[in-house]
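Chains as they are written, first to last, in our numbering: chain A, 703 to 884; chain B, 703 to 884.
Some hints here could point you the wrong way.
Because identical chains share one entry, a pair is satisfied inside a single copy or across any pair of copies.
Claimed, not checked - Cross-link-like lysine to aspartate or glutamate pairs, in silico, EDC-like; alpha carbons within 20 Å at most:
#1 Lys-878 to Glu-775
#2 Lys-878 to Glu-831
#3 Lys-878 to Glu-778
#4 Lys-836 to Glu-750
#5 Lys-822 to Asp-882
#6 Lys-878 to Glu-729
The hints are simulated quantities; they were obtained by calculation from the structure and are not laboratory data. Predicted, not measured: the structure shown is a model, and the values here were computed from it.
There are 2 protein chains.
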Amino acid sequence: MNFCSNCGQPVTTLTPPGDDRSRFYCESCGMVHYQNPRLVVGSIPEAEDKILLCRRAIEPCYGMWTLPAGYLENGETVAAGAKRETFEEARARVEILAPYALYNICHVNQIYLMFRARLKDDRYRAGSESLEVKLFSENDIPWDEIAFRVINATLLQFFTDRRAGRFPFYTGNISKPNPDPP
Amino acid sequence: MNFCSNCGQPVTTLTPPGDDRSRFYCESCGMVHYQNPRLVVGSIPEAEDKILLCRRAIEPCYGMWTLPAGYLENGETVAAGAKRETFEEARARVEILAPYALYNICHVNQIYLMFRARLKDDRYRAGSESLEVKLFSENDIPWDEIAFRVINATLLQFFTDRRAGRFPFYTGNISKPNPDPP
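Model the full assembly from the supplied sequences, consistent with the hints where possible.
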């Protein structure tokens with residue numbers, strides 16, 4: 703943030719009185735500009751024992767497989783957001799079953815909330831952000847080609863819970879990856 | 703939003719190509735400014751059969767009772783945020799037990815995530831945003847003086863589940879209230 707979105711003057715940073723962290727602040731109009739994490743919502747679309755994955759048509763991770771997910775929009779419930787993203791990316795109609803897993807991805811200021819969902823029919827196809835969409839059984843999941851660690855973690859947790867026959871609400875963290883050795 | 707936070711020029715609104723909703727857009731530098739819901743995290747601090755409530759020292763709802771809760775900060779897990787808010791508002795140290803209830807409050811673009819928590823000791827006192835903090839048993843909850851409908855809903859759900867002896871993860875909606883009759 704360089705300029706005040708209210709009055710257009712340059713912003714500075716300061717810790718407001720009574721606050722304990724640095725914020726963007728406009729000396730001209732006095733507005734404090736808070737910045738907060740964004741919520742990403744998505745689904746694990748199930749059809750019998752298979753899971754629908756999307757192969758990404760956009761960067762980052764072009765060509766890699768992912769679950770349908772994206773930023774929650776203003777005015778939208780988390781379940782409606784997960785349903786919308788599933789339709790946008792996989793043109794798939796799902797029944798949202800239950801919130802299933804929340805992942806904190808603190809180093810990128812994102813919170814992922816993934817829902818279990820059931821595919822309503824087989825009229826799925828690639829949306830504009832996908833190259834293809836495909837049902838995978840657990841044994842066929844392309845583990846080496848999964849786009850994001852949070853999706854990898856979600857799928858691993860899902861299959862573990864499915865074997866146990868129960869899906870308690872799960873919370874996990876995706877930490878900043880360690881650097882590669884020099 | 704009136705001005706571009708990147709370059710300081712006035713923003714306009716448009717629906718970007720491939721998008722389906724109107725966004726703030728800067729014709730000068732080309733930046734699209736997405737706006738997304740904010741996540742509020744908080745706790746239900748338990749001590750034996752009692753719940754810790756805070757009486758608000760700030761508007762809105764000055765003087766009304768609430769559970770400790772506030773906006774999730776960048777770089778913070780949802781549980782850490784709930785713990786921080788509980789300390790800030792009630793100077794209370796809690797052990798976060800589990801995520802318990804998520805409420806969509808779409809008309810104000812907020813998602814509330816409330817945790818069950820256990821008070822670690824009795825060294826609680828009013829933080830700067832509270833007039834007083836106090837333990838209430840279910841029968842003593844000041845139902846007519848609860849600050850927000852989402853807090854009312856959380857408390858009702860909590861006591862219902864406690865009577866049933868189980869706390870499944872709950873999702874609910876707080877709709878825009880109907881106008882009062884003329």
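Each hint, compared with the structure:
Only between protomers do Lys-878 and Glu-775 lie at most 20 Å apart by alpha-carbon distance; the minimum there is 17 Å, versus 26 Å within a single protomer. Taking the closest pair of Cα atoms, Lys-878 and Glu-831 never come within 20 Å of each other, the shortest separation being 26 Å inside a single copy and 34 Å across copies. In the homo-oligomer, the alpha carbons of Lys-878 and Glu-778 lie at most 20 Å apart only across protomers (13 Å), although the nearest pairing inside one protomer, at 29 Å, exceeds that limit. Taking the closest pair of Cα atoms, Lys-836 and Glu-750 come within 20 Å of each other only inside a single copy of the chain (14 Å); across copies the shortest separation is 51 Å, beyond that limit.
In this assembly of identical chains, Lys-822 and Asp-882 lie within 20 Å of each other by CA distance neither inside one copy nor across copies; the values are 43 Å within and 40 Å between. In this assembly of identical chains, the alpha carbons of Lys-878 and Glu-729 never lie at most 20 Å apart, being 34 Å within a copy and 35 Å across copies at closest.
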